[in-house]
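If you're matching them up, the sequences are chains A and B in order.
The opening residue of the first sequence carries number 1 in the working numbering; numbering runs sequentially from there.
The opening residue of the second sequence carries number 1 in the working numbering; numbering runs sequentially from there.
Honestly, the hints are just simulated from the structure, not real lab data.
Note that beta-carbon positions come from the ideal geometry of N, C-alpha and C, so glycine has one too.
A hint or two may mislead.
[What the hints assert, rightly or not] Simulated pairs of lysine-lysine, DSS-like, Cα-Cα distance not exceeding 25 Å:
(1) A:K174 <-> B:K95
(2) B:K95 <-> B:K35
(3) A:K175 <-> B:K95
[What the hints assert, rightly or not] Among chain B residues calculated to face chain A with C-beta under 10 Å, some are:
(4) T2
(5) Y4
(6) E71
(7) L81
(8) A84
(9) R85
(10) L87
(11) D88
(12) H89
(13) A90
(14) E92
(15) V104
(16) R107
(17) P108
(18) M110
(19) P116
This is what each chain is made of:
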Amino acid sequence: MTSAASPPSGGVADALADAHRREWAFVLAATVRVAGDLDVAEECAQEAYVDAMTAWTRSGVPERPGAWLTTTARRRAVDRLRREVALRRKLPLLVEPVEADASGSPSGSDADDDEAVPDDRLRLIFTCCHRALDPAARVALTLRLVCGVATPDVARAFLVPEPTMAARITRAKKKITQARIPYRTPTAAELPERLDSVLAAVHLLFSTGHTAPTGEQLVRDDLCERAIDLARTLVQLLPVERETRGLLGLLLLTHARRAARLDAQGRLVLLEHQDRQQWDHVMIVEGLRWTVESLQAPRPGRFALQAAIAGAHAVAPTFAATDWARVVHLYDLLLAVEPSPVVELNRAAALAFAEGPAAALGIVERLADDARLRSYPYVHAVRADLLRRLGRGGEASAAYRAALDLTANGAERDFLRRRISDLDPGAATREPNR
Amino acid sequence: MTQYMISIYEREADYATLTPEAWGSVVDAHGAFAKAIADLGGTVTGGGVLQPTTTATSIRGGEVTDGPFVETKEAFGGFYLVEARDLDHALEIAKLTPAPFGGVEVRPLMDVNAGPAR
């Protein structure tokens with residue numbers, strides 16, 4: 001970006017930043033159709049934003065910045081195709097023909113047309129989250145292509161070295177082209193399974209932000225907000241699907257608690273001890289609205305049910321006043337659609353509040369022996385908590401240590417250390433962990 | 001259309017103890033599969049079934065040894081070459097492959113003029 005023009009005024013810079021956040025996916029997705037190549041489309045979309053800086057500074061911000069950027073990016077893609085047609089040896093991306101386009105919007109040859117650019121964002125999202133790609137690569141590709149996040153920032157988000165992330169993204173892009181993963185939205189018959197893989201990727205992105213896997217910072221708001229934006233886009237693009245609403249509800253209800261999850265010293269505060277005044281009540285109201293809509297299905301899905309559980313917590317005036325019987329019931333429904341030991345563990349934790357720790361301990365001890373959960377820190381933390389509440393301090397302390405050994409997040413480690421020293425004040429200094 | 005190879009990996013031990021009736025039903029399942037591919041709009045362009053890995057002979061660096069090139073619990077035992085519209089179509093087909101004692105792998109064939117994925 002070595003434009004000779006004067007630096008863009010604040011207005012243009014803001015408009016560009018806004019257009020990047022709001023329109024990037026739209027611009028890129030529409031350009032992919034013309035370019036027939038993800039890398040070329042990305043370059044053309046980036047060039048369009050650079051062009052915009054000069055053009056908008058000179059002639060003002062257009063009325064529809066997204067349409068301006070899309071037209072410019074697509075025109076650049078067409079120019080490149082004309083220039084490179086003889087040199088082109090790369091396999092083109094398999095773009096579904098326009099005739100089969102459910103939206104019915106005209107496109108393709110009329111790349112110079114200023115209007116009627118088809119909304120290809122869903123194609124882009126479904127391609128990035130295809131089941132044939134590695135789950136970690138799905139999230140990385142979605143951040144890179146759908147959210148327009150630069151590779152170094154994607155690498156930082158997942159705490160991997162930049163070359164590792166660049167290689168992961170490149171490998172996934174190559175597989176899309178070489179294995180012929182089509183650039184299209186799934187058919188109605190495929191949709192439930194394919195949508196689940198998209199929602200899972202967005203949820204994984206949110207979870208990565210909600211409890212950063214390592215490092216001292218517990219929450220990474222930027223990642224959580226990206227995930228919420230994606231969930232909103234999915235609700236907008238797939239208005240009939242209940243699960244997209246469930247996911248949006250779940251993310252909003254979870255994110256609403258963020259201010260209360262850490263105390264003034266940056267220490268982790270459990271749900272039980274959170275100051276509910278600090279919850280974001282505007283976000284809760286919105287989250288509940290989506291959740292209620294998501295549950296209006298004959299058989300609510302896993303995200304709708306998780307949202308309902310988050311909602312049960314959100315409406316409780318105090319932790320003690322939580323409707324635990326309802327929470328346990330919702331976990332039973334969730335287990336029916338998503339049988340997993342992690343869901344069983346969460347159900348047991350709720351059961352411990354509904355019927356007392358003794359009722360849940362047997363279940364948790366069985367889960368702690370389950371090979372699938374052996375390296376899952378929360379199973380040991382839940383077991384420790386039940387033992388502590390039953391007055392079995394020595395066993396509780398050992399279980400907290402088992403959890404500590406498996407935990408990398410600084411705030412969570414600090415919490416577990418405090419629990420150990422509360423049970424046995426001398427222990428923490430006698431035997432420092434790490 | 002793109003060519004894909006569907007490789008079948010199964011536990012050979014399970015085949016060793018198969019009754020003739022059970023073997024017959026596996027053969028029938030493959031017959032039905034060939035028909036299902038056509039019904040789905042795909043084309044079978046090749047395929048084969050291998051004798052067990054106990055019959056294999058490997059050559060590495062000129063040295064001849066008894067046994068498969070790579071020892072695995074689930075061994076490569078047969079394949080189909082199919083033509084499909086795209087990976088989604090190929091996966092739809094591959095999901096129906098009879099592999100009662102294991103599973104399958106789907107991989108695109110390379111256009112040797114274009115070279116490997118870069």
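Against the structure, the hints:
no., hint, verdict
1, A:K174 <-> B:K95, "holds (23 Å)"
2, B:K95 <-> B:K35, "holds (14 Å)"
3, A:K175 <-> B:K95, "holds (20 Å)"
4, T2, "holds (5 Å)"
5, Y4, "holds (8 Å)"
6, E71, "violated (25 Å)"
7, L81, "violated (15 Å)"
8, A84, "holds (8 Å)"
9, R85, "holds (8 Å)"
10, L87, "holds (5 Å)"
11, D88, "holds (6 Å)"
12, H89, "holds (8 Å)"
13, A90, "holds (8 Å)"
14, E92, "holds (9 Å)"
15, V104, "violated (13 Å)"
16, R107, "holds (8 Å)"
17, P108, "holds (5 Å)"
18, M110, "holds (8 Å)"
19, P116, "holds (8 Å)"
When held up to the earlier numbered hints, the structure conflicts with 6, 7 and 15 and fits the remainder.
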